[in-house]
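J.: Residues per chain are reported as follows:
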Amino acid sequence: AQRVTQPEKLLSVFKGAPVELKCNYSYSGSPELFWYVQYSRQRLQLLLRHISRESIKGFTADLNKGETSFHLKKPFAQEEDSAMYYCALGNTGFQKLVFGTGTRLLVSP
Amino acid sequence: GAVVSQHPSWVICKSGTSVKIECRSLDFQATTMFWYRQFPKQSLMLMATSNEGSKATYEQGVEKDKFLINHASLTLSTLTVTSAHPEDSSFYICSARAGQNQPQHFGDGTRLSIL
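Sequence order for the protein chains is A and B. Each residue of the first sequence is one higher than the one before, counting from 1 in our numbering. Each residue of the second sequence is one higher than the one before, counting from 1 in our numbering.
Certain hints may be false.
[To be verified] Computed list of lysine-lysine pairs in PhoX-like fashion (alpha-carbon distance at most 20 Å, straight line):
| hint | chain 1 | residue 1 | chain 2 | residue 2 |
| --- | --- | --- | --- | --- |
| 1 | A | LYS15 | A | LYS57 |
| 2 | B | LYS55 | A | LYS9 |
| 3 | B | LYS64 | A | LYS96 |
| 4 | B | LYS41 | A | LYS22 |
| 5 | A | LYS9 | A | LYS65 |
| 6 | A | LYS57 | A | LYS73 |
| 7 | B | LYS55 | A | LYS96 |
[To be verified] Distance windows between CB atoms, simulated:
| hint | chain 1 | residue 1 | chain 2 | residue 2 | range |
| --- | --- | --- | --- | --- | --- |
| 8 | A | SER28 | B | ASN101 | 13 to 21 Å |
| 9 | B | ASP65 | A | ARG3 | 27 to 35 Å |
| 10 | B | SER89 | A | PRO7 | 26 to 34 Å |
| 11 | A | GLN45 | B | GLU52 | 22 to 30 Å |
| 12 | B | GLY16 | A | GLU20 | 46 to 54 Å |
| 13 | A | ARG3 | B | LYS14 | 33 to 41 Å |
| 14 | A | PRO75 | B | GLU63 | 16 to 24 Å |
| 15 | A | SER40 | B | ILE12 | 18 to 26 Å |
Hint data in this document are derived by calculation from the structure and do not stem from the laboratory. Being a predicted model, the structure only gives us computed values, none of them experimental. A virtual CB, placed ideally from N, CA and C, is assigned to each residue, including glycine.
Model the full structure from these sequences, guided by the hints.
T.: What follows is the structure in structure tokens.
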């Protein structure tokens with residue numbers, strides 16, 4: 001079965017501090033991992049996907065199959081990064097996504 | 001690009017009413033659409049997967065006769081909550097993707113309140 005765990009419900013940091021939002025997954029097949037972000041009063045948006053290996057808005061995430069993790073990182077948090085972040089796991093062929101419970105990131109000035 | 005429109009955004013109705021929610025892909029053809037349900041402070045739970053022109057695939061525990069899904073075209077899927085009751089009150093979100101191995105794009109969601 002697919003499962004995604006985001007252990008932190010809330011992560012509060014000051015502007016300029018490094019950020020790491022944790023995500024662990026469980027899946028017997030070849031995983032496809034995503035990070036989605038939901039800003040206040042906006043729809044869920046794709047932030048990045050592991051196969052793209054890109055950096056979006058300064059965020060990066062590396063898939064670690066040994067640790068079954070896909071943590072989201074940013075070296076210097078900005079106030080506009082405050083949002084709800086969801087880690088999602090797609091099964092082979094992306095037939096469906098399983099979401100974690102989300103982590104609310106709050107960046108204070 | 002890749003905009004998904006969901007309508008209505010909020011609906012309040014009496015118990016026993018059937019409610020239809022529309023999900024449209026505005027600038028791409030969606031071979032697959034997904035319907036999620038989100039309870040307060042919880043994650044999105046997939047209800048069903050809808051492929052154009054075929055019957056929806058429901059997740060375990062989701063009543064297909066309660067939540068009717070129609071995906072009649074490549075740009076429109078509808079979710080009808082039949083004979084809604086207060087326990088059906090929730091936030092319903094749809095997503096759409098252009099093809100296999102493509103990311104899902106989400107609508108704004110519909111808040112359903114049953115009195």
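J.: Holds or violated: LYS55 (chain B) and LYS96 (chain A), Cα atoms, limit 20 Å.
T.: holds, 16 Å
J.: For the pair supplied as a hint, LYS15 (chain A) and LYS57 (chain A), confirm whether the alpha-carbon distance does not exceed 20 Å.
T.: Holds - the C-alpha atoms of LYS57 (chain A) and LYS15 (chain A) are around 15 Å apart, at most 20 Å.
J.: Between the beta carbons of GLY16 (chain B) and GLU20 (chain A), is the distance compatible with 46 to 54 Å?
T.: About 48 Å separates the Cβ atoms of GLY16 (chain B) and GLU20 (chain A), which means 46 to 54 Å holds.
J.: Taking 22 to 30 Å as the hint, is the beta-carbon distance of GLN45 (chain A) and GLU52 (chain B) inside that range?
T.: holds, 24 Å
J.: The hint says 33 to 41 Å between ARG3 (chain A) and LYS14 (chain B); measuring C-beta to C-beta, is that right?
T.: holds, 38 Å
J.: Decide if the proposed pair is consistent with the structure: LYS55 (chain B) and LYS9 (chain A), CA atoms, cutoff 20 Å inclusive.
T.: violated, 36 Å
J.: Between the beta carbons of SER28 (chain A) and ASN101 (chain B), is the distance compatible with 13 to 21 Å?
T.: Holds: the Cβ-Cβ distance is about 20 Å, inside 13 to 21 Å.
J.: At the C-beta level, are PRO75 (chain A) and GLU63 (chain B) separated by a distance inside 16 to 24 Å?
T.: With Cβ atoms ~47 Å apart, the hint is violated.
J.: Given the hint that LYS57 (chain A) pairs with LYS73 (chain A), does the C-alpha gap stay at or below 20 Å?
T.: Holds - the C-alpha atoms of LYS73 (chain A) and LYS57 (chain A) are around 11 Å apart, at most 20 Å.
J.: Quick one: are SER89 (chain B) and PRO7 (chain A) within 26 to 34 Å, going by C-beta?
T.: holds, 29 Å
J.: Between the beta carbons of ASP65 (chain B) and ARG3 (chain A), is the distance compatible with 27 to 35 Å?
T.: holds, 28 Å
J.: Holds or violated: the 18 to 26 Å window for the beta-carbon distance between SER40 (chain A) and ILE12 (chain B)?
T.: For SER40 (chain A) and ILE12 (chain B) the Cβ distance comes to about 23 Å; the hint holds.
The structure fails hints 2, 5 and 14 (numbered hints given earlier, in ascending order).
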